Amino acid sequence: MSYYTSLTWFIPLISGLAIPMLFIIGKELVGFTPALFGSAFYGVTFGVEDRYSLPMPGGLAETLGFVLILNCIKLLKDDTIWVINPLKRNPWGNMAKFSFFALLLTHHFTLLLLMAAILGILIVEIAAGNK
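If you're matching positions, the sequence shown starts at 573 in my numbering and goes up one per residue.
Since the hints were derived computationally from the structure, they do not count as laboratory data. All of these numbers come straight from a predicted model, not from anything done at the bench. It is possible that some hints are incorrect.
Derived Cβ-Cβ restraints for the label pairs, each shown as a range [unchecked claim]:
id, residue 1, residue 2, range
1, F609, S574, 37 to 45 Å
2, S578, L648, 23 to 31 Å
3, G701, A612, 26 to 34 Å
4, L585, K660, 30 to 38 Å
5, Y576, G603, 22 to 30 Å
6, A700, K669, 25 to 33 Å
7, T580, H680, 19 to 27 Å
8, Y576, K660, 17 to 25 Å
Derived pair list, reagent style DSS-like, types lysine-lysine, alpha-carbon separation capped at 30 Å [claimed, not checked]:
id, residue 1, residue 2
9, K669, K649
10, K660, K599
11, K599, K669
12, K646, K669
13, K599, K649
14, K646, K599
Virtual Cβ for every residue (Gly too), placed ideally from N, Cα, C.
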């Protein structure tokens, strides 16, 4: 199998995981029903699973970006962020590092937008009075 053929099948397959990742993030933030409608709307309006599209890094970056946002939300909810002992540390931190560096390699512009989104989430949480 050639390199181009494997990318033509692999990247749309990974991009298709962006829809359930968006549902998981939406369920964490707003609840089940709005997350279901939001991920269904996202799934039919933007072609994330187009097998005949180019193997673009932006499709892979959406899934990695949603993983990074989910990791940051999980880190904010946990109290063991600042634990120094690596055996008791939160495992979401390692996943956040992995997705951050994977985004840095594949699609750095999406990483810039996600950092702005995470900053916006932090600002809204602080303005709402949450810790």
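Evaluation of the provided hints:
For the pair F609 and S574, the beta carbons lie near 40 Å from each other, so the given range of 37 to 45 Å is met. Our hint of 23 to 31 Å for S578 and L648 is violated, since their Cβ atoms are close to 37 Å apart. Remark: the range hint 26 to 34 Å for G701 to A612 is upheld by a beta-carbon distance near 32 Å. In this structure, L585 and K660 meet the distance hint of 30 to 38 Å, their C-beta atoms being roughly 35 Å apart.
The hinted window of 22 to 30 Å between Y576 and G603 is violated, with their beta carbons roughly 42 Å apart. Checking the proposed 25 to 33 Å range against A700 and K669 shows it holds: the Cβ atoms sit about 28 Å from each other. For T580 and H680, the hinted distance range of 19 to 27 Å is satisfied, since their beta carbons lie about 23 Å from each other. The given range of 17 to 25 Å is broken by Y576 and K660, whose C-beta atoms sit roughly 45 Å from each other.
Pair hint K669 plus K649 holds up; C-alpha atoms about 17 Å apart against a cutoff of 30 Å. Restraint check for K660 and K599: the C-alpha separation of about 27 Å stays at or below 30 Å, so the hint holds. Using a Cα cut-off of 30 Å, the hinted pair K599 and K669 holds, with the two alpha carbons roughly 23 Å apart. Pair hint K646 plus K669 holds up; C-alpha atoms about 13 Å apart against a cutoff of 30 Å.
For the given pair, K599 sits about 14 Å from K649 by alpha-carbon distance, which is consistent with the 30 Å threshold. Taking the CA atoms of K646 and K599, the gap is about 12 Å. The hint holds against a cut of 30 Å.
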